[in-house]
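> Please build the complete structure, drawing on both the sequences and the hints.
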Amino acid sequence: MWKRPFAIGGARAGAPVHRRMAVSSFCSPRTIITTTTVGSWNTQQLLLRCHRPSITSTIPPAINYYGSSSRFTRLASPLASTDTTDTSASDIGMLRRYASTIATDANNEDDCENVETTTSASSASASAGATNNNASLGDNGYLGKILNAKVYDVAVETELQHAENLSQLLNNTVLLKREDTQPVFSFKIRGAYNKMASLPSSSLSRGVVACSAGNHAQGVALSARMLNCRAVICMPLATPAIKVNAVRAHGGETVEVRLIGNNYDEAASEAKRLEKEEGLALIHPFDDELVIAGQGTIAIEILKKCVSHPVDAIFVCCGGGGMLAGIASYVKQVRPSVKVFGVEAADAAGMTASIEAGHVVTLPSVGLFADGAAVKTVGTETFRLCQKYVDGMITVDTDQICNAIKLAYNDARVILEPAGALAVAGLKKHVEESNISGSTFVAITSGANMDFNRLRIVAERADDSERSLMITIPETPGAFRAMYSKIWPRNVTALTYRYKTEHEANVFVSFQPLVHVERDYEKVMEDFTDAGFPCTDLTHDELAITHVKHLAGGRSNAPYERLFRFHFPESPGALQRFLDSLDMKWNISLFHYRNYGDDFGRVLVGIQQNKGRECEGMNNFLEELGYKYIEETNNPAYLKFLRST
688 MWKRPFAIGG ARAGAPVHRR MAVSSFCSPR TIITTTTVGS WNTQQLLLRC HRPSITSTIP
748 PAINYYGSSS RFTRLASPLA STDTTDTSAS DIGMLRRYAS TIATDANNED DCENVETTTS
808 ASSASASAGA TNNNASLGDN GYLGKILNAK VYDVAVETEL QHAENLSQLL NNTVLLKRED
868 TQPVFSFKIR GAYNKMASLP SSSLSRGVVA CSAGNHAQGV ALSARMLNCR AVICMPLATP
928 AIKVNAVRAH GGETVEVRLI GNNYDEAASE AKRLEKEEGL ALIHPFDDEL VIAGQGTIAI
988 EILKKCVSHP VDAIFVCCGG GGMLAGIASY VKQVRPSVKV FGVEAADAAG MTASIEAGHV
1048 VTLPSVGLFA DGAAVKTVGT ETFRLCQKYV DGMITVDTDQ ICNAIKLAYN DARVILEPAG
1108 ALAVAGLKKH VEESNISGST FVAITSGANM DFNRLRIVAE RADDSERSLM ITIPETPGAF
1168 RAMYSKIWPR NVTALTYRYK TEHEANVFVS FQPLVHVERD YEKVMEDFTD AGFPCTDLTH
1228 DELAITHVKH LAGGRSNAPY ERLFRFHFPE SPGALQRFLD SLDMKWNISL FHYRNYGDDF
1288 GRVLVGIQQN KGRECEGMNN FLEELGYKYI EETNNPAYLK FLRST
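Residues in the sequence shown are numbered from 688 upward in steps of one, following our numbering.
FYI, nobody ran anything at the bench for these hints, they're computed from the structure.
Check before you lean on any hint, since a few could be wrong.
[Said to hold, decoys possible] Here are the simulated lysine to aspartate or glutamate pairs, EDC-like style, with alpha carbons at most 20 Å apart:
no.: 1; residue 1: K1063; residue 2: D1084
no.: 2; residue 1: K930; residue 2: E953
no.: 3; residue 1: K930; residue 2: D1138
no.: 4; residue 1: K690; residue 2: E1119
no.: 5; residue 1: K1093; residue 2: E1068
no.: 6; residue 1: K837; residue 2: E976
no.: 7; residue 1: K1075; residue 2: D999
no.: 8; residue 1: K690; residue 2: E1043
no.: 9; residue 1: K1187; residue 2: D1150
no.: 10; residue 1: K1173; residue 2: E1147
no.: 11; residue 1: K992; residue 2: D1084
no.: 12; residue 1: K1075; residue 2: E976
no.: 13; residue 1: K1210; residue 2: E1153
no.: 14; residue 1: K1210; residue 2: D1151
no.: 15; residue 1: K1075; residue 2: D975
no.: 16; residue 1: K1075; residue 2: E1043
no.: 17; residue 1: K1173; residue 2: D1207
no.: 18; residue 1: K1063; residue 2: D1098
no.: 19; residue 1: K1075; residue 2: D974
no.: 20; residue 1: K837; residue 2: D974
no.: 21; residue 1: K1173; residue 2: D1138
no.: 22; residue 1: K1063; residue 2: D1207
no.: 23; residue 1: K837; residue 2: E988
no.: 24; residue 1: K930; residue 2: E943
no.: 25; residue 1: K1063; residue 2: E953
no.: 26; residue 1: K959; residue 2: E943
no.: 27; residue 1: K1173; residue 2: D1084
no.: 28; residue 1: K959; residue 2: D974
no.: 29; residue 1: K992; residue 2: E976
no.: 30; residue 1: K1093; residue 2: D1150
no.: 31; residue 1: K930; residue 2: D952
no.: 32; residue 1: K1173; residue 2: D1214
no.: 33; residue 1: K1173; residue 2: D1224
no.: 34; residue 1: K837; residue 2: E1043
no.: 35; residue 1: K963; residue 2: D975
no.: 36; residue 1: K690; residue 2: E1191
[Claimed, not checked] Here are the computed distance ranges between Cβ atoms for each label pair:
no.: 37; residue 1: Q855; residue 2: R945; range: 26 to 36 Å
no.: 38; residue 1: D952; residue 2: S854; range: 54 to 64 Å
no.: 39; residue 1: L1055; residue 2: N1321; range: 49 to 59 Å
no.: 40; residue 1: H1237; residue 2: D1214; range: 21 to 31 Å
The structure presented is a predicted model; accordingly, all values stated were derived computationally and were not measured.
Each residue gets a CB set at the ideal place from its N, CA and C atoms; glycine is no exception.
What follows is the structure, given as structure tokens:
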């Protein structure tokens, strides 16, 4: 995890100054405005007498929706509203209209007179070094660009939902910003539409081009249909059909999907060729100021709803960095006390690596589980903004992402895509590692375009309370049941055993500890050790969890072995009852069980006949057992993979 070495909002000598004096177009006569200088963080008080009666007569009544901790705080005004709990759509519209005048009005001395400033020497010194980019509207004018972003012709203002279960689990108030409910089921529509709607008519008439195999492609497609312009979407040949069809469905006749290249880079080369040769406007998925501004509108919606109950931190997923840069740029210019954290997949942490290195870093490879945020090289502009404004970067692994998908489902009844759950995973990790309670956090659920094929691994790895062990037991009758008795009554989710030698055997078991997870897990391990069953913790062993538990056992030459598949009604204690029903005189040489959440449990069991005993004895035992079974002793898969000749 990368964290800024100093807290944003704290003093730092020599830091760059971002002046926030562009307020005259919002001022009613004799309104007192307080602004803050970023970097030195010394307060400047300005008394402005503005002669703009035509404007002040239509100032939005909820102009102070930024809240008491913002850089724009109305202290006294005949037009100020006492209700700051919400801002209507019309208010936001007026804010956008007036935002475009801020840059010119701020430095227009004719608009304001009798301006008094009280500034410390350090503030004045820092101000002298401020660049034009840090004046008026802040960094490159992002505040104005975000306020003026053209997103609501197609995007919707999404809900800020209280996650009751997650809040109770983490002992903090957790709010989910539901960007997964956008028309394309992700936030990407904001940036794509803002960029395309801002293009001159001549560019739109020629058309646009984009390269994406995911949510950005769908955002461009829908935007093209809304703007009635041609769009070419370049996608790699291996793009799943469900994503190709979604792009075509959103775009209709205006969109041409061009499947080309074996990977993203080859598809991107085609997009660049079309930009150069056909004059199509390239719509970059993240490294574009208007795309960044479009994503930044999410921050407007969050802050305007968090006035009565201020938010302490916002967690944002990060791939190329467009949404993180946009949100951080707005939040740090409007309400700098709010922390902004970026969250990346541990195997695709390009922004984390870049910030730590101090320059943009290209990763040699990226993991594709969270494919919506799998970017080798973050944007130049997004890196600059994130390096400047973001409080810290958090990385999460596959298990933490899967668990976050489950937690979000418990509260919102939505199955987020892995990238869409990154912010939830990062929030949970941050709270657990920092031991924070009583705070208010926002996690942006950024997308729900889940690839159906990934549901299996999500279900397998979503339970963060599951623990896995390798246990060594003696190869004697009754040892297997004695081993299981040390786990009971805990819920066993997987159990794999295979006879190897006449002396000992290894068992792979996964189970859910009781209420106090770590304490109970330690007790189980102590019980195994005291019983003479050495055990090894495999919970965080990626090889074991991903591969070995599915391959454990292998081939065996266990003599007189017969193989059976059993079905039994799945219920608490069902596996224990099944094991108790097995006659002690029969030796178990193979056992495989996995709880799939079905009504019936499925168990594969190898049973050794006693030497010289006739098959009829075992057949009678199986009939008396009372469970439905199928014999698989002659199954080719068993003979080839599990049986040694």
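> Let me make sure I understand: some of the numbered hints might not hold for this structure. Which ones are they, in numerical order?
Of the numbered hints, 5, 9, 10, 11, 18, 21, 22, 27, 29, 34, 36, 37, 38, 39 do not hold.
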